[in-house]
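Asker: Going line by line, the protein sequences match chains A, B, C and D. Start counting the first sequence at 14; every next residue gets the next number (my numbering). Start counting the second sequence at 12; every next residue gets the next number (my numbering). Start counting the third sequence at 3; every next residue gets the next number (my numbering). Start counting the fourth sequence at 29; every next residue gets the next number (my numbering).
Simulated from the structure, these hints should not be mistaken for laboratory data. Careful, some of the hints might be misleading.
[To be verified] Straight-line alpha carbon distances no greater than 25 Å define the calculated BS3-like cross-link-like pairs of lysine-lysine that follow:
1) B:319 x C:102
2) C:144 x B:319
3) C:323 x B:319
4) C:199 x C:144
5) C:126 x C:102
6) C:180 x C:149
7) B:319 x C:43
8) C:131 x C:43
9) C:316 x B:319
[Stated by the list, open to error] Computed, partial: chain B to chain D, Cβ under 10 Å:
10) 96
11) 144
12) 287
In this text, all values refer to a predicted model and were calculated from it rather than measured experimentally. Glycine is no exception: its CB is placed at the ideal position from the N, C-alpha and C atoms.
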Amino acid sequence: MSMLLEVTGLHASYGDFRVLHGLDFSVEKGGISTLLGANGAGKTTTLRALCGMIKRSGTIRFDGNDISGKATEDIVRMGVAHVPEGRGTFTGLTTEENLQCGAMTRSSRAEIARDLEQAYHWFPRLRERRNQQAGTLSGGEQQMLAIARALMLRPRLMLLDEPSFGLAPLIVQEMFSILRKVNQEEQVSMLIVEQNAGVVLELADTAYVLETGDIVMSGTAAEIRDNETIRAAYLGY
Amino acid sequence: MSVNTTTTADSPASATKGVSLPAPAAATGNAKIMRTAGVILLAIGVAAPFLSGNFLIFQLTMMMIYAIAILGLNILTGINGQFSLGHGAFYAVGAYTAAIMMDQFGVGYLWTLPMAGIICFMVGFLFGLPALRLDGVYLALATFALAVVTPQLFKLSPFEHWTSGVMGIVISKPDAPFGLPLNPDQWLYFLTFAIGLLAYVCARNLVGSRTGRALMAIRDNPIAARSMGVNTALFKSLAFGVSALYTGVAGALGAIVVQYISPDSFHFALSVALVVGLVVGGVGWLPGALFGGAFIMFVPNIAEELSKGLSGAVYGVIMILMMYAIPTGLGGLLKAALGALSKRSMTR
Amino acid sequence: MHKRRNMLKYMGAGLVLSAGLALPAISHAADMPGVTDTEIKLGNIAPYSGPASAYSTIAKTISAYFDKVNEEGGINGRKVNFLSYDDGYSPPKAVEQARKLVESDEVLLIFQSLGTPSNSAIEKYMNMKKVPQLLVATGATKFGNPKEAPWTMGWQPNYQSEGIIYGRWITSEMPDAKIGVMYQNDDFGKDVLAGLKAGLGDKADSMIVAEASYEVSEPVVDSQVVKLKASGANVFINIATPKFAAQAIKKAHEIGWDATQIVANVSTSVAAVLTPAGLEASTGVISTGYLKDMQDPQWADDPAKKDWEAFMDKYYPDGNKASNFTVYGYSVAQTMVHILTQAGDDLTRENVLKQAASMKDVTLPLFLPGMSMNTSETDYFPIEQMQLMKFDGERWVNFGEVISGEVGG
Amino acid sequence: MELLAQQLITGIATGGIYACMALAVVMIYQAIHHLNFAQGEMAMFSTFVAWQMLAWGVPYWLVIPLTVVISFAGGVAIERLVIRPLGDAPVLSHIVVFIGLFAIINSLAGFIWDFTIKPFPSPFGEGSQFGGLISNHQIGMIAVTMTVLVMLFLFFQYTRVGLAMRAAAENPASARLVGIRVGWMIALGWGMAAAIGAIAGILIAPIVFLEPNMMLSILLYGFAGAVLGGLTSPTGAVFGGFMVGIIENLAGTYIPVIGGELKLPIALFLIVTVLVFKPTGLFGRTVVQRV
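Construct all of the structure, not just a fragment, from the sequences and the given hints.
Answerer: Shown next, in the form of structure tokens:
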């Protein structure tokens, strides 16, 4: 089984305050892993640490290369797309400009144009809003824009931070079905951080449960999903 | 642009910002260090005029005057989070208030100080009202405009009768009262020293008071402050007023000590110097004002010693190097040092 | 009156105290501070930084001139130690530097401190300390008042008498003139304007049809020139410092305003004013002068110019020969040397002041022919003569008599 | 009526100077969200560089592109060498560094070229229009300003680098997440601001004459114009610059007694008033954000 992302002993801190205390987890090539846990467990921090947005230590292997010392831009350029908490929309740019930004690291204009069409194919609502200031989009539209923008990178790994946050259940369903299609058709691996464990466990292969900066449980999504104790103790559903 | 203020040991806000406060034992240790430093400083301050020549006394007096002005700016910027590039204007208003009262109405110099304070408070408060609507760079420009415009107002022909226009006003230096055995330089030194001390104590009390907490709440999170029922408009204008009061008193003292004022005394470079002093001393750290005052008083002289033709360049280089070495000012450096110290004492 | 008494009281107290507390102000060489057997210490304050830093050229020239004097053996065997400090054109800083020079460096005197505000700021202090403040670099009329400030003396022709000369000339030559005045809104502009009005006498109100002031903080003065032309004036009096004077001359030419133009003496440099403004635009401009313009071809073969050039080449090679500040600095330094030479070995402050106040027909190589300096205990204006001159497109041509201004006569 | 027309035209001519500078101000604001107090001095220094090359006999048509290139490199160098080491120091520390830069550049220029005013030749030759109210140079200057404005618009709207710069300025964290090298975008912003400043300096110098303090007050007017128009909009900045020139001239001419003495204060007062009612300036865009 070959791993696309292998993390061992990941530590991270904000100033003097340690947030992560040595995490080990991985994402298979073509697979989907999820990090579950309550608010403040360190999920977002984990994604930020992976991307080099905060100071971290430990080994992070992406496709065999250690990226733990690399700058965010360089990690992104290797094919890691991060859909951040709060979606990271460029609110002052139009929808289409946001998507163009997603393809900033690529050079072939023809391919970019093709991918833009593909993005609109997946998210038709965005096509309608293509010349609108992105800040005026609804929450669901902005989340779709964030995912579509990440796809414009042609990523090999997508890091998604609470994609369902603040969205209506119907939209969440729609979005996760698109994510499944992306995963299957484009072979994009994913690491999804979620509080909404019920939905994400349907999608993921592997799941890790995080509590105050430590992984307290891991296993296949099915195992976690079917374990009453875990559900009651950590996932609250 | 939001003004990033460094929180310091003085402000309770540091606790909410996730900076770990030193343990109580260490805190008293720090307080002890600070108190000892304060007492030593005080002793030096009292002894200085008897140990040095009149010229140095004059320089030290000017340094303290700038420190009082910077203290005022610190209340606005450090405590309330509003920005001003135009405090030289309030300094000028204070100076002119004092000079006109003494020159035109023969008022005793001591009485001009509270009057300068009151007038500057009003001017500051009124200026603070429109400034409420402005943020960041816009406020910076509005205050900068104030600094540029004020000297021009003082030479307006309709006011020339009081201001003497471009010729300026010459003032007499007061003698020491009650037959104190002090020469005028020494006496003004002690007067400034006492007023500076008073100003500092008042500022400290202000910071510790409910008003002070409200001001800091506005700085750290204006929306939350408003939702907690703080009248942000009133408090922000008030901060402008109090800040202008301090700077105005400093201006009045400056006029008396220098014995002369003219529109050229208050070029906008003065406002810029005050900001430099504020940042070098440490934004939000009240004692930093003294170091800021020392910086803007003495460093240009050092620069001039190094190179006359390039004194401006040398001063600029020193400024930039300071910002590399201590980006959060002396206050930030001291805080970090004390933090490290208390951490070590904790592990012990 | 009341104030004066206070001042006296203070002075008494100050003396007693400084003696009592053993401050080091009066110690060695009590009667000749700043002077040893080998050295004379002179102080100076100039704006090396800040908005007026252009003027620092004067102090640099003076410093270079004293290098020359020292190399040639000094003054009566003593070398001049010229201490020049920066005040950035800020009065509070000027006070600080003056006190440093007097109390810490213990100079014999301060000379050529620059600018009306800075000199106003230190005047009281200097007189209280009885330290000469000689040949100050400003033409403000107030620095020539031996009754109120016996230790303060000017040098250059004062601004008011310059204005008076223009006023007189207009009343006699152009009695029907309609005058538009542009002036810098500071002591210089207002002083010349006041002199002009005095010179015009009771016709001032009717003859001056428009006034427009400008601030040094303004980038351009186009608006003022356009406004003055619109007033219908046929005489344009341009009381401005070099940059603005040049702009105004250029603008007046561009808008085709064919008024008789008068430009203030501070802005007569061919290289720094008239050439930037355009020589064609400058043709016919009238002003007054007392120093030779070294860029003016009529002095090409003048031996005094050769001396000056040799001095510049040897002692101030970085200096800009096109700047008439160097001519000014050279001449004022020569005046100082003259005074100190006259004082001989009696270099007390009192005697130096006395020598400064007793110049009789002293002339300098770079003075226009016929000019001289005269002072007395009641006349603290060394240079009071000026001559009208007109620019012919290439050089200044003097015309009329050498005129004497009467202020403080 | 004639005077009104004259003052309007003069105001536009003078406003062209401010517009030119305001454009440079907005350029750097877009990149770093600060007002750079050293900007005027940088422009002045660039102009001296151009003057020096002319004095050495380099032909005019070569001097301008050379100066622009040198200034661009200088701007990038200042960002890399002086600003970058500051990292994420507080805003006020940045401002002190700008003040320091201001002092250094001003002092250095005075040291190298001294303070005597120097005429600077106009690329558009002598001569004037409208009875001398506006010189050919000023018309040329306005045309160049407009051209630069259009080019900037095209650059930001239609090139990938322009888009990347906008993205980096608006949300640096997100920009990094799409692989934009934000640090270099900021350096690029400095370079472009310096280059535009150089053009502004070369255009302004023939009017106000070249000397180290020539930008001291123009920068303030440039700020005023930029803020009036809205710091987020180059078009607004140019418009604001012209407005400041016109307001100032009309106030100086028509407000009795104190008008002439208070040209600048009146203009600034009006601007602050505008800001009070429209805090982002006339053309400023408020970014709408739905939560």
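Asker: Is the hinted pair residue 131 of chain C and residue 43 of chain C satisfied, with a Cα-Cα distance of at most 25 Å?
Answerer: Holds, because 17 Å separates the two Cα atoms, which is no more than 25 Å.
Asker: Quick check on the hint: residue 144 of chain B CB to chain D CB, less than 10 Å?
Answerer: holds, 5 Å
Asker: Please work out if residue 323 of chain C and residue 319 of chain B have their alpha carbons no farther apart than 25 Å.
Answerer: holds, 21 Å
Asker: Between residue 144 of chain C and residue 319 of chain B, is the straight-line Cα distance small enough, at 25 Å or below?
Answerer: Violated, because 30 Å separates the two Cα atoms, which is more than 25 Å.
Asker: Are the Cα positions of residue 180 of chain C and residue 149 of chain C separated by 25 Å at most?
Answerer: Between residue 180 of chain C and residue 149 of chain C the Cα gap is close to 39 Å, so the pair fails against 25 Å, i.e. violated.
Asker: So if I understand the rule, the pair passes when the alpha-carbon distance is 25 Å or less; does residue 199 of chain C with residue 144 of chain C pass?
Answerer: OK: residue 199 of chain C and residue 144 of chain C at ~18 Å, within 25 Å.
Asker: Hey, residue 319 of chain B versus residue 102 of chain C, does the alpha-carbon distance stay inside 25 Å?
Answerer: holds, 16 Å
Asker: Regarding the pair residue 319 of chain B and residue 43 of chain C, is the alpha-carbon distance no greater than 25 Å?
Answerer: Status holds; Cα separation ~18 Å.
Asker: Run the distance test for residue 316 of chain C versus residue 319 of chain B: straight-line Cα separation, threshold 25 Å.
Answerer: Status holds; Cα separation ~20 Å.
Asker: Do the numbers back the hint for residue 287 of chain B, that is, is its least Cβ distance to chain D under 10 Å?
Answerer: Hint holds; residue 287 of chain B Cβ to chain D Cβ min 6 Å, cut 10 Å.
Asker: Does the structure keep residue 126 of chain C and residue 102 of chain C at a Cα separation of 25 Å or less?
Answerer: holds, 15 Å
Asker: Should the hint that residue 96 of chain B touches chain D count as held when the rule is a Cβ pair under 10 Å?
Answerer: holds, 8 Å
When held up to the earlier numbered hints, the structure conflicts with 2 and 6 and fits the remainder.
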